[in-house]
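Participant: Residue numbers (our numbering), protein chains in the order written: chain A, 1 to 428; chain B, 429 to 591.
Everything labelled a hint here was simulated from the structure, so no lab data went into it. Backbone N, C-alpha and C define an ideal beta-carbon position, used for all residues, glycine too. Watch out, some of these pointers could steer you wrong.
[Stated by the list, open to error] Simulated restraints, written as ranges between beta carbons of each label pair:
hint, chain 1, residue 1, chain 2, residue 2, range
1, A, Arg26, B, Ser442, 25 to 31 Å
2, A, Pro336, B, Leu533, 52 to 58 Å
3, A, Tyr36, B, Pro508, 34 to 40 Å
[What the hints assert, rightly or not] Away from chain A, derived, C-beta distances all over 10 Å, residues of chain B:
hint, residue
4, Val433
5, Ser466
6, Tyr483
7, Trp545
8, Ala547
9, Gly557
10, Gly581
11, Asn583
12, Val586
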Amino acid sequence: MTDHEWGFRTRALHAGARPDPTTGARAVPIFQTSSYVFEDTADAADLFALQKYGMIYSRLGNPTVSAFEERMASLDGALGAVAASSGHAAEFLAIATLAEAGDHIVSSSHLYGGTITMFSNTLGRFGIETTFVDPTDVEGFAAAIRPNTKVLFTETIGNPSGAIADIEALADVAHSNGLPLAIDSTFSTPALCRPMEWGADIVVHSATKFIGGHGTSLGGVVTEAGTFDWGSGRFANMTEPVPTYNDLRWWDNFGEYSYLTKLRNDHLRDLGSTLAPMHAFLFLQGLETLDYRMAGHVANARAVAAWLKADARVAWVNYAGLPSSPHHDMATKYLPDGPGAVFTFGLAGGRAAGASFIESLEMISHLANVGDAKTLILHPASTTHSQLTDEQMRAGAVSPDMVRISVGLEDLDDILYDLDRALEAAHG
Amino acid sequence: MAERVAVPGWVPPSALQRKRILDNTRSIAIVGASANPSRASNFVATYLLSTAKGYTLYLVNPRETEILGQPVYPSLQDLPEVPDMVDVFRRSEDLPPIAQEAVELGSKAFWAQLGLWSAEAAQIASAAGLDVVMDRCTKIEHARFAGGLHLAGFNTGVITARR
Chain A
1 MTDHEWGFRT
11 RALHAGARPD
21 PTTGARAVPI
31 FQTSSYVFED
41 TADAADLFAL
51 QKYGMIYSRL
61 GNPTVSAFEE
71 RMASLDGALG
81 AVAASSGHAA
91 EFLAIATLAE
101 AGDHIVSSSH
111 LYGGTITMFS
121 NTLGRFGIET
131 TFVDPTDVEG
141 FAAAIRPNTK
151 VLFTETIGNP
161 SGAIADIEAL
171 ADVAHSNGLP
181 LAIDSTFSTP
191 ALCRPMEWGA
201 DIVVHSATKF
211 IGGHGTSLGG
221 VVTEAGTFDW
231 GSGRFANMTE
241 PVPTYNDLRW
251 WDNFGEYSYL
261 TKLRNDHLRD
271 LGSTLAPMHA
281 FLFLQGLETL
291 DYRMAGHVAN
301 ARAVAAWLKA
311 DARVAWVNYA
321 GLPSSPHHDM
331 ATKYLPDGPG
341 AVFTFGLAGG
351 RAAGASFIES
361 LEMISHLANV
371 GDAKTLILHP
381 ASTTHSQLTD
391 EQMRAGAVSP
401 DMVRISVGLE
411 DLDDILYDLD
421 RALEAAHG
Chain B
429 MAERVAVPGW
439 VPPSALQRKR
449 ILDNTRSIAI
459 VGASANPSRA
469 SNFVATYLLS
479 TAKGYTLYLV
489 NPRETEILGQ
499 PVYPSLQDLP
509 EVPDMVDVFR
519 RSEDLPPIAQ
529 EAVELGSKAF
539 WAQLGLWSAE
549 AAQIASAAGL
559 DVVMDRCTKI
569 EHARFAGGLH
579 LAGFNTGVIT
589 ARR
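Extracted from the complex, chain B is given alone in its bound form:
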């Protein structure tokens, strides 16, 4: 796991801020999507397709054409629209050029999966005004607020008397 070097000008978003990022997202590009069902990217894609149906999901991997019955795009530039969020499942050292691509495309959020950390990528994306999340799982964070995490016995931090 990459060392969590502090990023000047960026503070890891709180739970409520992560919820706001997810609420403001309609389309997600999964960069580094895998056809292997044991890989985290496959897990997250399966979850988002089955549970978080409000999102349009784009899978990106130059070596695949179809995963989970979905078309796979060779690169972010090949997507039919600009994705609101670029969600990366690659090695930490691969993150900076992907962050740069997300900035150039005009995405709103740059998200690096659990275990990934790149101060350089975070600086590139946050300096351009993107929301940045690192070392977090979109599946887990979505489930924190959508109820899945609660059902699994985890502490969501949610206190509410609303239905």
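Chain A on its own, in the form it takes in the complex:
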């Protein structure tokens, strides 16, 4: 008897969501409840001691959220998942589970600005030091590893630089040093890239973006492959007794399940950055059409990038889907169906022309988000990356004239019409 391998689109519709056994409801019900009645006092005690599975309180778990978590785990090819209230919360939980004061992480310098700030500011104040390195320099990651390093971190597609991570090489560097590789895969989603197939151990997504897909809800998720050896001795908090749970040891009791079990029951418990069930429901709806939407986003993005590239009013276009991009080879390897729909360009006329261009758009939305079904535009240097120092901006490849676009699902002709009109106004 062999296990049938269900396809991606089937799992996007079904994984984690069998019909409700009580009512037969086919859609996943929104369990809008804070807490769950125990069978008796022994049941309550067993649940609190992690000796049986079940619901206690929606900070720790909720059946609608569980359906989203299992579906994400399935689509990422992961062992499991834990959802969080935002992509940022998911990143913090992913790090908090494996690092503590006195530890060190090595990270790409081409991250979403808010993540760079979280790592350097909040993690720094909590005693976790980060070394930022050029994401295209695999040797740089290796050289930055110290005895107290706990993880290598990067983004599949850098925001906004568009640098594509050499996941396989980074996983080799991480594993040969006894470390896990964690990847933020928000810009690609599991429809375009599944980093675990290339050796990544932990994947983080902001579900707010393409997973939800409609710009309605904030959320995030951490998935883990379940193949990393947390019992090597390098991760004492995985192998030492846990006083808050009767001195159990995560690795001894939960084996491959220990990272996610610890993440949920130590850190989601303590931090409380929980995904709301209504948002989980909207993300489940988004996942049902993820593969189709990503194909549409990529098709429009390719056409918009090529159109901009050919326009004299545009000084440069950086989209890994264009053969002229320095990241084109990596994109071909890791993102064969297309390197997403978020990319950057600069106008002839620099920053002033860019500002005028953004203000002249009519249908395209000027806002701080990506991955909406609608086309979005932004000037990173004055918004998403504005809290970075000049040096951090240079290291992150954020230039003053850079415009970031998240290409949506409108009619291509209408996107080009709006861009053309605004370019004309900017160069009027």
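Position chain B relative to chain A; hints supplied.
Facilitator: The following block gives chain B in isolation, referenced to the frame of chain A:
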């Protein structure tokens, strides 16, 4: 953790095969049962008693008389019936004689807990026709199909439109 040496003639059972093994089991003997609530054997026993109530559970440990309100038997031979499954929580090097005991008793399945692996034990049990599972947790595998693992956000692999 013991090295996962390949076992001639035995392939680790797939998820569906593990489900079938659990479905075909009515009685489980936990060899190496511990009274310490932080030990995996205590965890699994608590789970099986509270959640998987269809099983008759026997706890085996020569140094204990009662755990979780259940009687504890000194050895597999002392049980009131032949257990369908022998579920071992001992060191990997202790597994072969326990596998031999399971064969001699006439059990249907030999199961070694997460982290345990013995090619010799697996060969003894599988050559005698027993189902063999190693480096798996009965709690986790039961929960995979009974819904507990799903509630904890794990990938059960279950796709179904049935109620």
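Participant: Could you work out which of the previously given hints the structure breaks and list their numbers from low to high?
Facilitator: The structure conflicts with hints 5, 10, 11 and 12, although it agrees with all the remaining ones.
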